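Asks: First to last, the protein sequences are chains A and B.
Sequential numbering from 1 applies to the first sequence in the working numbering.
Sequential numbering from 1001 applies to the second sequence in the working numbering.
Don't take each hint at face value.
To be verified - Covered stretches of chain B, going by a simulated chain A footprint (3 or more residues, C-beta under 8 Å): (1) 1023-1031; (2) 1150-1157.
Stated by the list, open to error - Here chain B is said to cover these stretches of chain A; the calculated rule only asks that three of the stretch's residues, wherever they fall, bring their Cβ under 8 Å from a Cβ of chain B: (3) 123-133; (4) 346-358.
In case anyone wonders, no lab produced these hints; they're calculated from the structure.
The structure displayed is predicted, hence computed values, not measured ones.
Note that CB positions come from ideal geometry on N, CA and C, so glycine has one too.
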Amino acid sequence: MSQDNATVREKIEHFFYAPEVPYGLALVRITLPIVMMSMVLPRWLACREIFSLDGATAPLPLGYGYPYMFPEFSGPIAIALYSLLTLSLFTVSIGYCTRLSLIVCSVLYFYFCNLDAISTMTKYSVIVSHMLLLLACSHCGTLWSIDAWLSKRAGHDPDYTVGHAWPRRCLQLLIGIVYFGAAITKMNTPAFLSGDQLQFWMMTHINFKHPLGELISLYPLSIKMMSYAAIVWETTFVFLVWRGSWRPWVLGIGVLFHFMTVLTLGLLIFPMVCFSCYLCFLDEIDVSHIRQWWGALLTKGTNWAKSVQRIFEALPSPGAWSKHAKSVYAAGVPLTLAAVLGGVGLEHWLDRYGDRRPEGPYALKEIEPEVLERLLSTPTRIRDSDKLFAVDTGTILVGDMLADRRRVFRQGETLIAQCNLTPPHEDMWIECKMLDEGNRLVDRLGNIALREQFRSNFMYMISDAMEPGEYTLCFENGGREVLRKHVTVVGNGHTANAN
Amino acid sequence: MKRWLSGTFITLYLSALAWGIVAHSMKFGVNAHPMMYYVVWDMFCGWSPYETRFHVVGEGVSGKYYELGPGPWPHFSPYGDLPRHHYDAYGSTFRKMALNTLKHTDHEDMRRILVVQECWHKKYNLPQALWDLRFDEPREPYSYFWLFSSYSDNGELLTQNVDFLNYATAQSITDNPRLMSDARRGRPFFAFNPTLRDSASVLQDPTSWAGPSLSAKPYAN
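Chain A on its own, in the form it takes in the complex (with noise of 0.2 Å):
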């Protein structure tokens, strides 16, 4: 039945429940457990401090009124529950037991996220529950796993591998739907579309480093502008991303937009989730695709293609595993509860809290005494350097940004000078004045700077009144001199450079 003549229940019973080797969502349970490692392992160390009765645990349910949704177990049971977690991420990759080891990795993981609010539960972790619930659902491991080689083995239908789309529909809509409910957060955040919240994310310093961030800040309007190109791609994605043409362009966009994010927002894991997330958008169509491309290569004689084509040649065949299908299972129950005492023995034997060390449990650090004295001095109120972020100098407004940054400027321009204010400050009189090099008053200018106001701006028609040379713009706030920022005009002659 063609597509175009369907209605409309036939085409969503199509898309739903098309048949289909799972290549995509195959990718999907290979990668996405490595990814998660580099959040489990590290905190594997550190369990028994975040995740037990025998440390200080974050309940997510806690902030929304549920103290007691999920229950606290003692540090050896939180160590063997997180153990089975680990190794049970560990068989998802390679396929071995994969719909249960799904389903233990679903619920272990999804329990031990809402015990840690702070450090545990992020955006990225709610993501990742979700796939690996979908996973659980779908035929994921009958492809490229350990339970293919051993089906095979017995004498399983080929066509065994062939499942239904919805779970891979399912986690494309998840994805899609992630990206426009985060634009409607950008939509409701004034600040957002005014770049101001961005710039003050790429100066945080609470993820990892990101030096590119830091310099981006100094360039408000491309963050503006990137703000608002981020809204209309997270806002079409789920739209677009079906379409043949479109979806390259929209995917690549993506991998180009979480990249980013890596560069100047120094977010690690959250992109590589996202890019594991991204493979099953893989279908049939482009798995042939990149068949032909691969055979062409070897065709080609490319070296590397035909090493690589060697390895997968010295591989074991499936057919040499079919003798030892019921033990390999089985070797899954010594193997669990190896992991797991195995896990909890070397927690014992690492000693998180030095409680059996040889000279005895650790002592407090004493805070030095200049610390202590910064600590607990009298707090004071935000000082007025502090409620002025910045000072700007230009001559063209975009967006209520300079788009020209520069000192230099020629008679007959009229300079706009740009005070960046800081919430929280009260309403405020802002005056700016321009002094020649004397420090003589040559004009003033003054302005109410309200309390939801990120900039003020200052005109000067700089005329030919003025003589060529360097001046400063002083900013004060109640008569209080806050910022300077030297300029220097030039003659109508002269070209001005930018700087």
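Once you have looked at the hints, place chain B on chain A.
Replies: Chain B alone, transformed into the frame defined by chain A:
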């Protein structure tokens, strides 16, 4: 049967995702249940211009002060090099962390546990080379310190203050004689509900007529 089950799952799953979008857009029921966190995508919900850190301090009976957060063992840093407790913006775990540190260390008796918030403007996070590109004045980082909460030696809450930036915001609003005069009009009443006492005290403490002991004192340090 399988088809019916999968159909039900798809319907429920997509409905939940759609509900998250609607609830978030309309700002309705977003905090109704912890599971709403799984369907609301508010991953950009407030990046302050100020950097914040927390210091969990123990005051010993000898008058010495000790660091209780993180503990003296190798600390866990979830996203870079910052210890975990700095990510607790609402202060829900400081008490637990402090008591856990005391439980596993050798120490003198404690008189109080203090949680001090430190804030500084993020412009001071810029390295010197970038600072020089934009600013004419010298880079002189300055931190504000603020008592966030205090506990007795056994973890009983003694004082709890709003965080410093909320305090500063409230200060910028109340710095208006006409507004404060308007807010003071009306008859006092005894607020039985402690939540009401807290929320009403942003502009004026409704129980201040009964004396300071009943006051919410949101700005007290």
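Asks: Which of the listed hints are broken here?
Replies: Number 2 only.
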